[in-house]
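Chain by chain, the residues:
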Amino acid sequence: MQDFHFPAWVNKFTLLLIFGFLGGGGYLAACAYVAIHPTQVNVGHAPQQPVPFSHRIHAGQLKLDCKYCHNTVDKWARASVPPTATCGNCHGADLVKKGATLANVHGASPRLEPVRESLKSNKSVEWIRVHDVPDFVYFNHAAHVTRGVSCVSCHGRVDKMDVVKQEKSLSMKFCLDCHRNPDPHIRPLEFVTKLDWTPPEGEDPAVIGKKIREELNINPAVNCSTCHR
Amino acid sequence: MSSINKLTNTKKTYYRSLNEVENTPEFQEHAQREFPVGASELPEGFSRRRWMQLMGASLALTAAGCRYEEEIIAPFVKRPTDRIPGLSKKYASAYEIDGVGYPLLVTSYDGRPIKVDGNPDFAFNGGGSTPFMQACVLDLYDPDRSRSCWSMDGTTPVEKSFEDFKSAVAGLLVGDGKGVAILARPSSSPTRAALKAELLAKYAGIQWFEYSSLNRDNEYAGANAAFQQVVRPLYDLSKAKTIVAIDADLLGDHPNFLAQAKGWAAGRDVDHMVCSRLFAIESQMSTTGISADNRLPVKSSAIPGLVAALEAEVAKRLAGDATANTVDSALPAREKFLAAVAQDLVANKGAGVVAVGANQSAEVHAAAHRINAALGNIGAEKPVSFLPAFEYTGSQLESISKLADALNSGSVETLIVLDSNPVYDAPAELKFADAFAKAKNRIHVGLYVDETALKSTWHVNLAHSLEAWNDTRAYNGTWCVAQPLIDPIFGAHSVIEVLAVLSRGEIRSGRELVRETVAAGNEAYKDDEAWHVVVHDGLVANSQSQPVEVSAPAAGTLAPSDTWKSDGEDSTEFEVVFTASPSTYDGRFANNGWLQESPNPVTKVTWDNAALVAPSTAKKLKLTQNVKVQITVGGNSIEVPVHIQPGQAKGSIGVNIGYGRTAAGVVGGSTSLEADVAGVDIAPIRSKAGWYVATGAELKSTGERYELAVTQDHHAIDDLGLKEITSRIPMLVREGTFEDFKHYVEEHHLNPLSQSASHDHAHDEAAGGHGEDKPASEKSAENAEPAKGKAKEEHHSTQWPAYHAHFKNQSLNPGPAFSETNKWGMSIDLHKCIGCTSCSVACQSENNIPFVGKDQVARSREMHWLRIDRYYNGASLDGFDNPVTVLQPMTCQQCENAPCEQVCPVAATVHSHEGLNDMAYNRCIGTRYCANNCPYKVRRFNYLNFSEAVTFIKYPWADKLTAANRQLRNLVMNPDVTIRSRGVMEKCTYCVQRIQNTKIKARIENRPIGANEIRTACQDACPTGAIKFGDLSNKEAEVTKEHDKVRAYIVLDELHLGQRTRYLARVRNPHPSLPLLDAKSAAPAH
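Order-wise, the sequence lines are chains A and B. The numbering of the first sequence is this note's numbering, which starts it at 15 and goes up by one. The numbering of the second sequence is this note's numbering, which starts it at 2 and goes up by one.
Just so you know, the hints here were simulated from the structure itself, not pulled from any lab data. All values reported here derive from a predicted model rather than from experimental measurement. For each residue, glycine too, the CB sits at the ideal point set by N, CA and C. Among the clues, some could well be false.
[Unchecked claim] Part of the chain A face toward chain B, derived, beta carbon under 7 Å: (1) Q75; (2) L76; (3) K81; (4) H84; (5) T86; (6) R92; (7) T98; (8) A99; (9) R143; (10) F150; (11) N154; (12) A156; (13) C238; (14) S239.
Only chain B is shown next, with the shape it has when bound in the complex (with noise of 0.2 Å):
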């Protein structure tokens, strides 16, 4: 840590990552190699974990000489109408996480779902998606699902069918019920309310229990304290000029994070000189603090005393007189921030929001509805409104309790656990594990043999949602009815289907259950019309419910403390603070590679959790990168590696649940499998009381050393060295504060959405005004040749930040002439990317990309064809414990000019006459010279046999996976996208296979391609519309649009080289009393 005071004294120091700061041996050697040591060699021995990129399988040349292999056409004995065999069709479906339902729209190929994406028509989240989404079509062919019913004779499992369980639960359900109990997770599928409500009515007896890992208790229970009901806040941030995340990650794994995200972007139109300002006060790094306009990191069990402070602070200036609502400069900079927040808040009275995190205490939560109360924000036209809690039955960990204390007791004889894995996730100081034992018929449904399967009597195989009828109602209420894209693969149920059984004793279809209960809902949908237009729509049209009149919150108040405004350097007790994460959410995507893999967006670790602690932390406790800590608390402890996270509040440490399954299956981990286990439980330490936030932890270092797979140094982009990265970046990812760029564009006349017409503009003042006597065409020839004698006019660029000046000079090689129309060109807008990843994933989902296993990544290895760069600035509040940090979406920027292009021995990549960078995968030899010569590193190498392609190459090891289980895998797979095969180089192409699909689908209609028609994977999950995509020729495209605004530049522009994507510069809008970048760290570092 030596080398972090040289850093905090100097302003505009941006930096990838603390091992680049120290310039430790291990940066160096990612920075200097283009392929770090062992890159080409094959891993030794065999691990499951890693299974998937060693699957080769064997192609013996046929016996039919050297042709390719004789295939089989199957066509259908009757074509349903309207099929068209090898052309993909979408359908409408949903998706549902504990009680919120995401509308999707999946994409089918040839009967089976290839892609998922969010329903376009749900217009309350747009069209976005979440990771999980993205990645929930690669669960369903998981090989690793359970694929039978079965029941224990003894020891051994014995398969049975659906019928068997009817008629086992007909001998349990006698009389009443009694001594049944049913565990489900919460859901607000109406249908299964329904099943569940009937059930009850005729079984009194039976106990309902609703549990998840995640719930949002606090926010209820402060709910209920604040208006005394249970109501869940909705949050429209387009209409908030204020925001205050207080440790909650609102742009990040919040249930409404789609909608939230939409309307953040939209309240952010900063080309119409339009930005809301973000404060975000929490103690562990998140999306949401990245995008922060201001961000002070607080431990979260100092967080109750700051929002007091906060309430006492904006009632102090709602009483006093408007004209006096200053921020005193000379204030403590905690004190300070605070004032400018409350000073903020109170400025913008009705446009206005506090969000306080899941987390925080109920009564925390109290406290934020008084302050929206009392600054007007509530109200069904206001940023904030309530809905109605669809999934709330209670409090869920006493639900968990009471199940446990009801297991103890003996008096339940059956438990059916519906969905849910309590032996991994309950509150460890119930010790369910022994409490399900004592329960003597234990009955699991769910879609894997998971550790509470393990230790049951009997296990029924849930059907995927992509599998069942179901329905769900999304954040707003609306009711989304969910089809199945495929008949079950393992003949599996789900799990209002189960229900049914229970409560009826018949095997039921799930929908005819969900049509029940939408017929049940509203006459109307008896007709078969109707009903067929629900299920095509995915969505009961006007089915959202309407804002809750709330009541004027109860009185109360919140303990005062001061613990927050010490910044906990000196504390000797450490907090730690149990997040959702981003990859397995609670665990239940735990045998997800793509999840798995995907950097978490802050920390960029792979296929671990860590315990996150502030730098300067470490710095005290002398902790290093990749050592494992004990965290003790309540004299239960666990060993974590320790990752050390810029903006990670001193004293606090963060660790992601979801992790240290032990009956995941081959990727998440698995002990009968003998497979690596992804991370490590934090069971032991998560008690009740502390279920979010622990105190009084204890951090010890042990010495011993774990690797952690962080790609965040990977594909360095350092083209002058070590020395010159810091003056780079900001090269890379311009931003400025919202003040300047207004001040920029007034004093150059320049119109945002513009940078052609600031340019016209600009000249004419420039020479008195003449310039309009032109006629139009004579000034576009000007424009198109700026560089003779007109430079000494040129006296300011038209672009901002204004980086121009550097770059001159003109290319020497005027590169390749291209096609005037189809000019493909992308833009990704750095001002509203919030980091979510869900581009990554869909890009991964969409080409085919394989998952290559921790030790690949750890090799730099990793195949994402977009990955999302961070850079830390430590010019900010303190330093590297709470930097700046920028996001950039990085991807291959189809140079006209590319320089991969031209040291390709045998032209496998080489340009179409419509400006993209092919890449002909069957000609790749691999010498990898073009990977070498990219300058935004974005080439991607198959080491190994990583997809399953049909290769000569037969690993002795390939045997591991079946056959059958292979070709399940292979079924996620995009057809319109070569599968690449071990020693083939490929990258980001733009989604062509989309681009030539529209292209051929306008020319047989005899049809222009629309000028937003073709839309990339990344850009159809982005849920702020960052990205766009289009024809450069098209003046109608949206992405003309953005390459035209003046934020937008290009990337290492001097290479001139053509690149055919731009990037908008972010705008930050901090508090003018709490500056974040002084005024000129916008311009370039001399």
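Bound-form chain A, shown alone (with noise of 0.2 Å):
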């Protein structure tokens, strides 16, 4: 029995072939890889919320403290959109809390309709969350912010956005990269919520890291059960 050759003119296919599917693999990941990969996916996510409020001109320039408004950070898993009461201090259009009239910034502003309707309704704003992590994951903020990590090392530089934007990735490689070299990543405590502190000119944010995890037996874990239950 005669052996099954391939003719000859095959052979004009193979190397179509070959790049055929290099190419559509390659075309195939591409795809993938822009529509799943967490920094093509998250990055840059700034939606439209129902208050145009400037992170850049309460926290930047006005410089309040992030924790005057998100005072749960240093409590428990969740920062907290404050409540629109927090706004009503400043913004309180002529509501009388505790016998004393509140300021009245921007009385008039349409901007702050909301707010003002809020804080008489009874009816929360609905603000639309930017940094989303799944279901699955428990992030505890008060884990990290009481243990030196900067709300810079998350959520970026808040004080220069008028809308919040998401800068990093917050990925599974993104987290397990901090917490298997956390060094650079700590800071004193006093300055965890200032987010352009630089470490003093010529020391290595890595040496002071390291001195203040010792100090605070700080050994983040990389169990599945630290972020997964």
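These two chains come separately, so use the hints to put the complex back together.
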């Protein structure tokens, strides 16, 4: 019986096939990368909020501390978007609190209408979440900010943003990079909310971080159950 | 039954079930296949009963590309002080079942209750809980709950408001209220009592009736006969040395179960050489019988004769010479048992309890009181004392009969049914549904549109206990104030609010009503601060009632009878014993999936009630498992599937009440919703005369098969196949007698509290005492390496029962290294486990474990992370008909060198450095290799989308339940635990969410974690404190101390897996004349 041989004319397809497979695979990988990779999908997310609140003005120019509004950030898991009452402290629109009339900065601005409406109707302002990790990830803000990890490490220079934008991928790799090598990301506790803090001239942030880490006995774990429960 | 005889002749033979002994095809299938037939098929067709596993949510890929769904953050406008979003808080509350309050500690997450536990500040009960307490939170979010008030307009219900109800009753309550009757459940709520008094004072014509089908009429009548006052007995089992439970499920369905279980465990501190003795004389195999040291199955109908004989025997011994107080070994077995009971009671005068169950007649109760009084067991400092019966208003069976008579005579024009379901649970002979129809206005106030509501003209939806202010009295009389955890979801109102409308004609808030009564009881509580303390604690301080002084019991005699002396083998007439269901109670929890699926502690049957018959009865009648039988009593009959139950009294048939609900809901069954009805309603054969025990029953096989979903053979640990099982089980569940334990400890000079100390000591003895000179560090170094050269010196083990000899070989694989701190471990004391299943339901609640429905349980797909294995030991009095039973809670052992991890292809299950066997659900691809390789069979696989998690697969029937209902159901979920989706493996994690949260909390507060600060859900729930958890590197931790006890052992130690869970061997204390296990039975079978 005669063996089967591919006819010679098939040869001209060989290269095409190889390139087809490689190219097709590459194309699919590229598509997948663009469609699902955290750095592509998450970074740059900057939804329009119901109130055009500017962190640049409040945290940057006015130098309000992050914890003035996000006051549970060092207490438990969530930093918490502040209650409307916090806005009302300055944009109170003649509301009276404990006998004193609240300040009424930009009292007539139409942009603050949702805040005034919320204070009057007792209905929440519906903010849109910007930094969103999957529900099977249990991130605890307090565990980080009380151990010298600054807001800026995950949220970037929010004090320079008019519209809050996600800067970091917040992917598992992003978390693990820091958990595996935490030293460069740890700073003295008093500077945690000081987003523009830089280490003193000539000092290595990793050296400072290492010192604090030893003082506070910070040993970030990389167990599954550290984040997934 | 052919192989039964084979087994009865061999001693120390353990078996899990009769199927196993007979090696039926069903058992072989369960044992040999990791996953039973059809385990990976989708169910065919749709049945509403299974709606919960069939829910599939649709997640369309959002228009915004592949990002997660955009989430809205809706912060408070004004956040309450101290409120931290996402941090759960605990509040005290209370739950009442038929006049007995159970103080609760409820966990609330962002304003919704998600977990219920016992209030640990209530020292009487301890922090433990019953399965009903654990599961009540699921009822709160039940989509089947009644959502509005309505009244019938012709044949159609018209939605009404509570205001409408107010004006409707104003029209009905005229003059002195004649023609109006109220039926309520018994309650000890002082507020309800005050409002009732107010109402009856205002309208003298109103008739008030109280009824629960699980009443304790006999108990109260017995107390009344003995002491001329109605009192409830309080058994302090911690003070008792001899406990005789006669048809009394003291460690099961008794209303004071929690305190009794706690006291019982306290009186059995074997490590300090204290151990009471529990005799159980009962017709049904109960958890009390399982926990007993000696058990005698006797027909319930023969028990009066037995108690009469016991009374005579005790009197004889008390009158006679104390030194001659022995047991004649020549007596026939049953008489010897009675003599031993009497001997032990007399030997422990003043430290004994004779308790009789609610199913025995008043005369038997009175006789028990006389026995206790004769033995000097009654008194404030004695094991038996008496408390006022708060909820008592007379015989409830009489009450419901009077109501039926009044309805039939036409004297009741308006009947208001407060939170009761008489159409379902009133005695059948009253034909309550017909009588009910004779009232013109039938007003039903209830949680559900149940059988009674369907026949009513008005319905008011009732607020759940966690939604309303209320108060109640705990068993010891402590006044509990129950605050709501959430506003009524469906705008409902509570019973006291309804009563306020009736008596005052105004809508009052429950809070004001409760506060009024509390302040009326004590002026001090008018002060806001004092009131806040009461609400915070959930208890009015020092409000427990003082024991009632009782006179010497009235003389009397029980008619003697010798029926108890025969084992009932030759009787042709059967008795039927009706018992409370551990799942549905009297039917009120029928729509609770956690409870329905919680295996019966004894039979392991889920979703059904069954006719329990003794193996020899089954043999005689040629009945086999899962065949329907017809039970006929007084001409009426029902058809129930048979479950052959070892330990059942011969000639006694046991049936759980509380099944066969036709208007419970989609879970428990509903004809209008086309949902399968769970179980069979026993009402036709339950008459007033035979309310708890019906005699003269006939039993006949119908030949029809009915599959019960029984979990006992699922997840069988049989590493060497069926032949090995019987020899292996004694190594898995280790037990022995107290006598043997004492002897062992003395002989080997052991310290029962410490294996390591005992080890040192034993070694020193062997080396002639020189060891004392060695420095401590050197000693411990030796202990760490016992293998080399020292083997000869180690002539005995420091463990009891000793099985060590088998497993000298060391593991070849040393396993990974672990952190020296935070070494999490668990201990489970089999000696204290009574099998109440609270731990299992608590685990389900804490860890978002779905219930899967009967069909899925039958396919071994139940999801319980914590199961309770049950093993019978046939080597006892008379083999199968009275086996010794041992229970073993089984869950992930967190092996350091875990077999499951080695086979996971995607590293979805790997170790944490603290020794936990972590499970990353989102990484699992569902190969199920891990479950195959797990020697404990504790891994559970989501065959279907049991929890309504987000999934890409949308089932065609997903729309059957509206999105709103699904959202409502999801509110019970614990947000600290991931909800698992289809195709994902899951298992116990030692409540890793609690570990991590406590760790973080301690870090934020810059302090170390307390030695016993972290508690798992099962540990919280356990009423006897059998489960301990903590850091094994911390010498102060309870778990470390437990692990070191001489009774501690590791299940499947020979696998050298570095298991982090240790079990403590069970100790039985049988009467010396009634040997239960021979001395050698503790040793392994060779």
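Against the structure, the hints:
1. Here the hint on Q75/A is broken, as its CB sits about 24 Å from the closest CB of chain B, past 7 Å.
2. Taking 7 Å as the C-beta contact cut-off toward chain B, the hint placing L76/A at the interface is violated, the least distance being around 21 Å.
3. Checking K81/A against chain B by beta carbon gives a least distance of about 13 Å; that is not within 7 Å, so the hint is violated.
4. Taken as an interface hint, H84/A does not check out: its beta carbon lies about 11 Å from the nearest beta carbon of chain B, beyond 7 Å.
5. A least Cβ separation of about 5 Å between T86/A and chain B falls short of the 7 Å threshold, and the interface hint therefore holds.
6. Because the smallest distance between the Cβ of R92/A and any Cβ of chain B comes to about 4 Å, under 7 Å, the interface hint for this residue holds.
7. Taking 7 Å as the C-beta cut-off, the interface hint given for T98/A holds, the closest approach to chain B being about 5 Å.
8. The interface hint given for A99/A holds, since its Cβ lies 5 Å from the closest Cβ of chain B, which is under the 7 Å cut-off.
9. Look at R143/A: its Cβ gets to within about 4 Å of chain B, closer than 7 Å, so that hint holds up.
10. Evaluation of the F150/A hint against chain B yields a held restraint, the C-beta minimum of about 4 Å falling below 7 Å.
11. Using the Cβ-Cβ criterion of 7 Å, the hint placing N154/A at the interface with chain B is satisfied: the shortest such distance is roughly 5 Å.
12. A distance limit of 7 Å between C-beta atoms decides the matter here; for A156/A the minimum to chain B is near 5 Å, and the interface restraint holds.
13. Because the beta carbon of C238/A sits about 4 Å from the nearest beta carbon in chain B, less than 7 Å, this interface hint is met.
14. For S239/A, the interface hint holds, since its Cβ comes within 7 Å of a Cβ in chain B; the closest pair sits about 4 Å apart.
Consistency note: the structure conflicts with the earlier hints numbered 1, 2, 3 and 4.
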